[in-house]
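Protein chains in written order, with the working numbering: chain A, 1 to 239; chain B, 1001 to 1239; chain C, 2001 to 2239; chain D, 3001 to 3239.
Honestly, the hints are just simulated from the structure, not real lab data.
Quick reminder that beta carbons are idealized off the backbone N, C-alpha and C, glycines included.
Where hints are given, some of them may not hold.
[Stated by the list, open to error] In silico lysine-lysine, DSSO-like type, Cα no more than 30 Å apart, as pairs:
hint, chain 1, residue 1, chain 2, residue 2
1, B, Lys1223, D, Lys3117
2, C, Lys2132, D, Lys3162
3, C, Lys2117, D, Lys3132
4, A, Lys117, C, Lys2142
5, C, Lys2056, C, Lys2032
6, C, Lys2162, C, Lys2142
7, B, Lys1152, B, Lys1142
8, B, Lys1162, A, Lys142
9, A, Lys42, A, Lys222
10, C, Lys2142, D, Lys3132
11, A, Lys142, A, Lys223
12, D, Lys3152, B, Lys1222
13, D, Lys3152, B, Lys1223
14, C, Lys2152, A, Lys223
15, B, Lys1132, B, Lys1142
16, B, Lys1132, A, Lys152
17, C, Lys2223, C, Lys2042
18, A, Lys142, A, Lys56
19, C, Lys2162, C, Lys2132
20, B, Lys1155, A, Lys132
21, B, Lys1089, B, Lys1222
22, A, Lys162, B, Lys1142
23, C, Lys2223, A, Lys117
24, B, Lys1142, A, Lys132
25, D, Lys3032, D, Lys3222
26, A, Lys117, B, Lys1132
[What the hints assert, rightly or not] Residues from chain A that keep clear of chain B, each with C-beta distances beyond 12 Å, as calculated:
hint, residue
27, Val2
28, Lys32
29, Pro43
30, Asp44
31, Phe49
32, Lys56
33, Gly75
34, Ile81
35, Lys89
36, Asn92
37, Ser113
38, Lys117
39, Arg210
40, Ser226
There are 4 protein chains.
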Amino acid sequence: MVQNDQELDLAGGVVPSYFSDTKDQLSFPMYKTLEEAIIEQKPDVIVDFTIPEVVKQNAEIAIRMGVRLIIGTTGLTQEEIAHLDRLAKEYNIGGLIAPNFAIGAVLMMKFASMASKYISHVEIIELHHDQKLDAPSGTAIKTAELIAQERKEIKQGNTDEKESIEGARGGEFHGFRIHSVRLPGLVAHQEVIFGDQGQTLTIRHDSINRESFMPGVNLAIKKIQSISGIIYGLEHILD
Amino acid sequence: MVQNDQELDLAGGVVPSYFSDTKDQLSFPMYKTLEEAIIEQKPDVIVDFTIPEVVKQNAEIAIRMGVRLIIGTTGLTQEEIAHLDRLAKEYNIGGLIAPNFAIGAVLMMKFASMASKYISHVEIIELHHDQKLDAPSGTAIKTAELIAQERKEIKQGNTDEKESIEGARGGEFHGFRIHSVRLPGLVAHQEVIFGDQGQTLTIRHDSINRESFMPGVNLAIKKIQSISGIIYGLEHILD
Amino acid sequence: MVQNDQELDLAGGVVPSYFSDTKDQLSFPMYKTLEEAIIEQKPDVIVDFTIPEVVKQNAEIAIRMGVRLIIGTTGLTQEEIAHLDRLAKEYNIGGLIAPNFAIGAVLMMKFASMASKYISHVEIIELHHDQKLDAPSGTAIKTAELIAQERKEIKQGNTDEKESIEGARGGEFHGFRIHSVRLPGLVAHQEVIFGDQGQTLTIRHDSINRESFMPGVNLAIKKIQSISGIIYGLEHILD
Amino acid sequence: MVQNDQELDLAGGVVPSYFSDTKDQLSFPMYKTLEEAIIEQKPDVIVDFTIPEVVKQNAEIAIRMGVRLIIGTTGLTQEEIAHLDRLAKEYNIGGLIAPNFAIGAVLMMKFASMASKYISHVEIIELHHDQKLDAPSGTAIKTAELIAQERKEIKQGNTDEKESIEGARGGEFHGFRIHSVRLPGLVAHQEVIFGDQGQTLTIRHDSINRESFMPGVNLAIKKIQSISGIIYGLEHILD
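Modelling step: build the complete structure from the supplied sequences, incorporating the hints.
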């Protein structure tokens, strides 16, 4: 992604277990530690998609060494994020931490939140591959929370409605319903349907692979240049 | 519908409470009883969309007077249908009784039944206006029964899947799931989604008003000419 | 709509040809002229869904008599709207003129405009009943214009793409495509699909009848209370 | 696929350039030529997804050596297929040649063909990744041909309809329209929409990767056991 964007330069990579081998023909330098990479390359931004065990330490190193940071790793607590925010402001450094970098998913949530101010009747259908363990998906729950904050709370549906098969009407969340579909051949999809007199408005996101995070990371790298402190959530850099 | 089809002639109508008024400018004759209409007009077919209380009697009158019949009225028991079938064969008369004349809905069920022979993973999402009382809809249950007859019975989804909101995974029917969405702005819609490796097949029917029955009635009128005995279900005259 | 909302009172109606008849059992007063209705009822707002020939005059009467106005009638020129705006500011009166009061459609356009800042690849599919004369629909063209204002202009698709059937790739508008589907059984539907690496974002509006304008008129009546001058377009009162 | 199916055994593979290496830990034998593999393993069926240059020769070898064959390789002419059919009947061997093994796609085409007998108004929307060269897709054209064979030929849409942007109404094929959407984030999708009074019926296939061919190959392997001669097209073994 970085190498395909003329506005960006790939300064280098960090892999702790990196073992230089003559067979590798990389077009950029590799380092075993983040400090080493920062000292040698003086990058503008680091992008961290690592693991919960090291992300906090990486973030502190970047901030203290004056490098902006984009973090897609999950596992940071609210306290840790608040701490990194204070540290970043102290060093006048900007950073973005986000649980989801798929721009389409983030826009879906933003639009769902906006629409729920004007249309109170809504249901969410999320569809994932059949090996997924949890229902509803994390994205569906987050979307539902955003909707619940804006929507006039009502209990939807006919007050006398009856389920002849239990669960048919889906899971209830603050008066509206969430439905989870699981099938092979699906990847990660979500549809938010708003209904009003004589009309429906549907916002749908379909994700078919991990590449869907790339445009969001690209946008974050560019927007972070003019920010001080830590922003949580890609939605806050979409106007 | 009849008057818009050059292959058909509208012989007349029957309304028990009919009161002839000079203001009426009907282009076809009206009768107060079915017998009267049949005697005067000698129609090829009668179409009965009346009420449960009179449909059986109407059917017997038609058969005994040698007129083919199309019935969209619900309420006939299996015994009554069997009786009408014997009577119709005795008089060498054809008839069709169907709970649903929406050709699209009937094809949706037929295709869902056929697809379930080849793809075992399936879920049904039905969507109706928010005043509907029952969930799932009658069409969804009928579709599910047809699928269950053909499909290799398996329990779908991850065996360890967990619902963090009860009902999110929908209602279970023979190992697969049915989801009922209720929103203002919807009328009557159903989606059957089949999932297999790397692909999904979706069959969807959208009905926006009562007119959706007309093409099915039209087809039935034409097909019934060459049939003896009573057929139950529009699907049996779709090859 | 007004009578079903406890926050609103229906002050009266205006029908030039109104002829009072003892058979009418209206629960609100009727007038033959707008002036008469305003003098007697002193309404907060008038709602005008009349005809191009009288809308300008109605608007002037309302403003000069100190009554806010909501106008769904088409036919006003940009000059006439500018004139009404000056007049409304002079009298410190608020008014809203909108070509489309379907909140869902207006939100669809707003979201499409917003999304096109972040995702440059987009196509529009609009679907209408098969008696519609023009293609693309007015809503599709307006949506396309809004997108074109925000989107980074690129020519989409493979530069070497070939149509083996002319027109298959749809109508081109500033480098992206619009497709018009016409079928019986459809009413008025539109889908805006954005595509990015590994993901698509779809915004869809389905309208099945005229009632879809009511929630927008309701919202406009409430929001107009705190505005001075004329606003053109429902989107400007959706935050 | 073969190894995950308890009803099937993987007899071996053929790779002309195969070079046995101690590093390989294959659980099945590999051969450099088809003859060698057949002589040693005496398989029930061979599956050929090779290249146009060798497929005809492979097919002849299999038939003459008494082995059933499933061919997914394109490039055989109608004459070559007819020749293979005669040869297969002579040796009392069954074979299936198909351009598309995605069961979902084949069912979509079959259902579209069936529906077009009853509903004459139809449009096709096919959606593919934006690097695709041809529009409409091969699958869309094949679907359109199947529809045209069954459908009552009519020119759809308002006879006075006007395109304000040329191509908006799509490509015309025997009186109905085909629309080709090209966006990044899409893979291979097709929607066939039938419209009738008050209703629409939609049949949609979504394919996200090559694995979608596997269930079709699996079905073919099983069905071919009871066939003599060459069948062209997976649809002919779906009842």
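Now for the hints, and whether the structure bears them out:
1. B:Lys1223 / D:Lys3117: This hinted pair holds, its Cα atoms lying about 13 Å apart.
2. C:Lys2132 / D:Lys3162: With a Cα-Cα distance of about 9 Å, the restraint between lysine 2132 (chain C) and lysine 3162 (chain D) holds, given a limit of 30 Å.
3. C:Lys2117 / D:Lys3132: Answer holds: lysine 2117 (chain C) to lysine 3132 (chain D) is near 25 Å, not above 30 Å.
4. A:Lys117 / C:Lys2142: Holds, at roughly 23 Å.
5. C:Lys2056 / C:Lys2032: With a Cα-Cα distance of about 18 Å, the restraint between lysine 2056 (chain C) and lysine 2032 (chain C) holds, given a limit of 30 Å.
6. C:Lys2162 / C:Lys2142: Distance ~28 Å between lysine 2162 (chain C) and lysine 2142 (chain C) Cα, so the pair holds.
7. B:Lys1152 / B:Lys1142: Roughly 18 Å separates the two Cα atoms, so the pair holds.
8. B:Lys1162 / A:Lys142: 17 Å, holds
9. A:Lys42 / A:Lys222: 17 Å, holds
10. C:Lys2142 / D:Lys3132: Roughly 28 Å separates the two Cα atoms, so the pair holds.
11. A:Lys142 / A:Lys223: OK: lysine 142 (chain A) and lysine 223 (chain A) at ~24 Å, within 30 Å.
12. D:Lys3152 / B:Lys1222: 16 Å, holds
13. D:Lys3152 / B:Lys1223: The hint holds at about 17 Å.
14. C:Lys2152 / A:Lys223: OK: lysine 2152 (chain C) and lysine 223 (chain A) at ~17 Å, within 30 Å.
15. B:Lys1132 / B:Lys1142: Holds - the C-alpha atoms of lysine 1142 (chain B) and lysine 1132 (chain B) are around 17 Å apart, at most 30 Å.
16. B:Lys1132 / A:Lys152: Answer holds: lysine 1132 (chain B) to lysine 152 (chain A) is near 22 Å, not above 30 Å.
17. C:Lys2223 / C:Lys2042: 19 Å, holds
18. A:Lys142 / A:Lys56: Roughly 24 Å between the alpha carbons, so the hint for lysine 142 (chain A) and lysine 56 (chain A) holds.
19. C:Lys2162 / C:Lys2132: 29 Å, holds
20. B:Lys1155 / A:Lys132: 15 Å, holds
21. B:Lys1089 / B:Lys1222: 19 Å, holds
22. A:Lys162 / B:Lys1142: 17 Å, holds
23. C:Lys2223 / A:Lys117: Given pair lysine 2223 (chain C), lysine 117 (chain A) holds - Cα atoms ~13 Å apart, limit 30 Å.
24. B:Lys1142 / A:Lys132: 28 Å, holds
25. D:Lys3032 / D:Lys3222: 26 Å, holds
26. A:Lys117 / B:Lys1132: Answer holds: lysine 117 (chain A) to lysine 1132 (chain B) is near 25 Å, not above 30 Å.
27. Val2: It holds; valine 2 (chain A) is separated from chain B by about 30 Å at its closest Cβ, greater than 12 Å.
28. Lys32: With a cut-off of 12 Å, lysine 32 (chain A) remains clear of chain B, as the shortest Cβ separation is near 38 Å.
29. Pro43: Label holds. Min Cβ-Cβ 39 Å, cutoff 12 Å.
30. Asp44: About 40 Å separates aspartate 44 (chain A) from the closest Cβ of chain B, which puts it past 12 Å; holds.
31. Phe49: The claim stands: phenylalanine 49 (chain A) keeps its Cβ more than 12 Å from every Cβ of chain B (closest is about 26 Å).
32. Lys56: 27 Å, holds
33. Gly75: Glycine 75 (chain A) is indeed farther than 12 Å from all Cβ atoms of chain B, at 19 Å.
34. Ile81: 23 Å, holds
35. Lys89: Holds, because the least Cβ-Cβ distance between lysine 89 (chain A) and chain B comes to about 36 Å, which exceeds 12 Å.
36. Asn92: Given that every Cβ of chain B is farther than 12 Å from that of asparagine 92 (chain A), nearest at about 41 Å, it holds.
37. Ser113: Since the minimum Cβ distance to chain B is about 18 Å, serine 113 (chain A) lies beyond 12 Å and the statement holds.
38. Lys117: 17 Å, holds
39. Arg210: 16 Å, holds
40. Ser226: Since the minimum Cβ distance to chain B is about 38 Å, serine 226 (chain A) lies beyond 12 Å and the statement holds.
Checked against the numbered hints listed earlier, the structure breaks none of them; every hint is satisfied.
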